[in-house]
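A.B. asks: Once you've looked at the hints, dock chain X against the given chain F.
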Amino acid sequence: MSALRIEKGSSSHSAYDLRDYHSEVIEKHTLAVLVDNEAGVLARVIGLFSGRGYNIESLTVAEVNHDSHLSRITVVTTGTRDVIEQIKAQVGRIVPVHEVHDLTVEGPSIERELALFKVQGTGNNRIEALRLAEIFRANVVDSTLESFVFEMTGPSEKIDAFADLMRPLGLVETARTGVAALARGGKG
Amino acid sequence: MTRQMTGAKMVVQALKDQGVDTVFGYPGGAVLPIYDEIFQQNDIKHVLVRHEQAALHAAEGYARSTGKVGVALVTSGPGATNAVTGLTDALLDSIPLVVFSGQVPTFMIGTDGFQEADTVGITRPCTKHNWLVKDTDTLSGTIHQAFHVATSGRPGPVLIDLPKDVQFAEGNYTAPAKINVSHYQPRVKASIEEINGIVDLLEKAERPVFYTGGGVINSGTGASQLLRELVDATGFPITSTLMGLGAYPASGKSWLGMLGMHGLYEANMAMHDCDLMINIGARFDDRITGRIQDFSPHSTKIHIDIDPSSINKVIRVDLPVIGDVGHVLEDVLKVWKSRGRKTADTSAWWKQIDEWREVRCLTYKNSDTIIKPQYALQRLQELTKGMDRYITTEVGQHQMWAAQFLGFEDPNRWMTSGGLGTMGYGFPASIGVQMAHPDSLVVNVAGEASWLMNMQEMGTAMQYRLPVKQFILNNERLGMVRQWQQLLHGERYSSSWSEALPDFVKLAEAFGAKGIQCSDPKDLDDAIMEMIEYDGPVIFDCLVEKHENCFPMIPSGKAHNEMLLGDASTEGAIKSDGAVLV
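As given, the protein sequences belong to chains F and X, one line each in that order. The first sequence begins at 1 in the working numbering and counts up by one. The second sequence begins at 189 in the working numbering and counts up by one.
In isolation and in its complexed conformation, chain F is listed as follows:
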């Protein structure tokens, strides 16, 4: 609250920290939202994003605490700082939402995604695909004489990179889970 020493006639200072409020830079933020695991709760969150014109880059949801019926929704979204602040406030006031965490600004966090890639090919392409899979620590979870299905876990960028490499080698189908994320450190 030190920023409260506001000069008269000035709007350039804020009670928040010193940020470039009117920045038009689009940022990507990962939000973790703890919600009651009840019917329709995902529709409420998604409906808010579509209804107010916010972006969803990826979204995952599953129950994480069976006893207290809590689910965790991880949303990767993009927008200016103003829009991200607004998204958090809007999500936060949905009645079954318990907590909203912006993992992108709340300190270091860890993000993982699981992906499955079906790669079709024979000969050198097939050998190259397998070799690259080893480098990326992707597992072969299905194989025929003409195809592999690779399973890979990692940050989204790593999965993007692997997909780029597989494309010329016969990538025919991809399935991705979207991002799951946690803050680093021992605090829950």
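Hint data in this document are derived by calculation from the structure and do not stem from the laboratory. The reader is advised that the hints may include incorrect statements.
As the list claims (entries may be wrong) - In silico DSS-like cross-links for lysine-lysine, where the CA-CA straight-line distance does not exceed 27 angstroms:
hint: 1; chain 1: X; residue 1: K553; chain 2: X; residue 2: K573
hint: 2; chain 1: X; residue 1: K377; chain 2: X; residue 2: K560
hint: 3; chain 1: F; residue 1: K88; chain 2: X; residue 2: K501
hint: 4; chain 1: X; residue 1: K560; chain 2: X; residue 2: K366
hint: 5; chain 1: F; residue 1: K187; chain 2: F; residue 2: K118
hint: 6; chain 1: X; residue 1: K233; chain 2: X; residue 2: K366
hint: 7; chain 1: X; residue 1: K366; chain 2: X; residue 2: K256
hint: 8; chain 1: X; residue 1: K377; chain 2: F; residue 2: K88
hint: 9; chain 1: F; residue 1: K28; chain 2: X; residue 2: K366
C.D. replies: Chain X only, in chain F's frame:
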């Protein structure tokens, strides 16, 4: 203590336990068990409306005029879809409603059954929260939680969808005190740093203005009292949004009048030129701000709001304060007084405001032969101002004139559709108000086009002997639409006249009510008195000037200091970039 009873009985029991005395509704197949229970008791009065939309607006009028929760009951399918407008209206104006809708039995959900609609899906974006109850044992808890959610934090409408088999089945009823309502507990008190921050700014401001909104009304009559105390103690000028009228009395010496698109010149100019803006329970609606880039460019802005999502949504503020208006005002007053009641010299600011007042922005050209709508409202104000009076309105020019020319001395006396702008709101709302205040004067200031949208409610008014006065400013036009077409669309008046209007006097008589028509300014006072003195519903057909425009006006896309006054040329007033705005 839990008791066994049917779901339908639970609904009635829970309403009693929540202190509900009036329900507005319309029966149908999917709510018959509840209507059966209502039939067999006398504690809760059911008001049969003539259309579900009216049930919602009546409940809004009831809620807004009492500070209590409004309750409505509708059947499945069309009953629920007809309720959508009222739900959205209540959501935008933060009116606490609990709405019960019937639903096909749980085993039929998803089969496109008769009168089935995905009510929770349809109403999800237009309620604060909604529930589909599938198990009678959870019903009483859900109802109590619904009342908690509707009234806590920023109030709003909630809906409970009740499948018919859940209404028939027996289950355990739990009383409100036994229910763990939920984790939903919005913050009401601000931090001491925030309070000190507000007082710091109050002490130093030379050109301050209070900008208050519906949040003050929603916070309760205590909040209005605290606001009056703070305004009078500091001597700062105060303006209000449409929704906040009455929180500070119109006769108060610091009152500038309403601000915004059709607000008063002095109010808008003060907003533009102030050095400290204290927003209390308002939300920087686009009707208020005009062009965002030029909105009050030189001010430090405080925003007190119970809803964190209102902060920085439209206008960046310097000191956001999350909390209930009443709690925050109480703390601000306490701290400001304990620090010695300091304010800077605001006499130069008041001198400037007095100059703006001299513009007399509400001046209009009166006539001896035609009733000007402004004149009609001035006379209504003059003849009713001392009375125990409640005003509702429809939406359009008449609504803005009512806000400009009627003075409100107390909160909860003014019911209007602000956020959604729902034509057809005022008549059913007046019914809801009259149900809550049977001995008061309730006047719906209407336009003839809006009024026709829910005119079926004459039946309700007659059935329950509700002496609501329908004061219709009849210009045979969709006045506000016509005004915009004149300003913006080359005077091409596309579909904005009311053709084939009924004879309102005969219409009143057809329902057994009283009809009065007045077209001569000389007869107006007597006619208004006749309306007031008649013990029963009245349709007052006030034939007014057909082409009157509502001024002042901030054209779309313009700033506060670019207001048009009554004698201004309106040609080309709205530029192409403003034309896309509504």
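A.B. asks: If a hint holds in the structure, say so; if it does not, say that too.
C.D. replies: Quick rundown of the hints versus the structure:
Between K553 of chain X and K573 of chain X the CA atoms are separated by roughly 23 angstroms; this keeps the pair inside 27 angstroms, and the hint holds. Distance check on the hinted pair: K377 of chain X and K560 of chain X sit about 47 angstroms apart at the alpha-carbon level, beyond 27 angstroms; violated. About 11 angstroms separates the Cα atoms of K88 of chain F and K501 of chain X, which keeps this hinted pair within 27 angstroms; it holds. In summary, the hint linking K560 of chain X to K366 of chain X is not supported, as the alpha carbons are separated by about 58 angstroms, beyond the 27 angstroms threshold.
As the CA atoms of K187 of chain F and K118 of chain F are separated by approximately 38 angstroms, the hinted pair breaks the 27 angstroms bound. Note on K233 of chain X and K366 of chain X: the hinted pairing holds, with a Cα-Cα distance of about 26 angstroms set against a maximum of 27 angstroms. For the suggested pair K366 of chain X and K256 of chain X, the alpha carbons sit about 22 angstroms apart, so the restraint of at most 27 angstroms is met. The straight-line distance between the Cα atoms of K377 of chain X and K88 of chain F is roughly 21 angstroms, inside the 27 angstroms bound, and the hint therefore holds.
Among the hinted pairs, K28 of chain F with K366 of chain X is inconsistent with the structure: their alpha-carbon atoms are about 44 angstroms apart, more than 27 angstroms.
The earlier numbered hints that this structure contradicts are 2, 4, 5 and 9.
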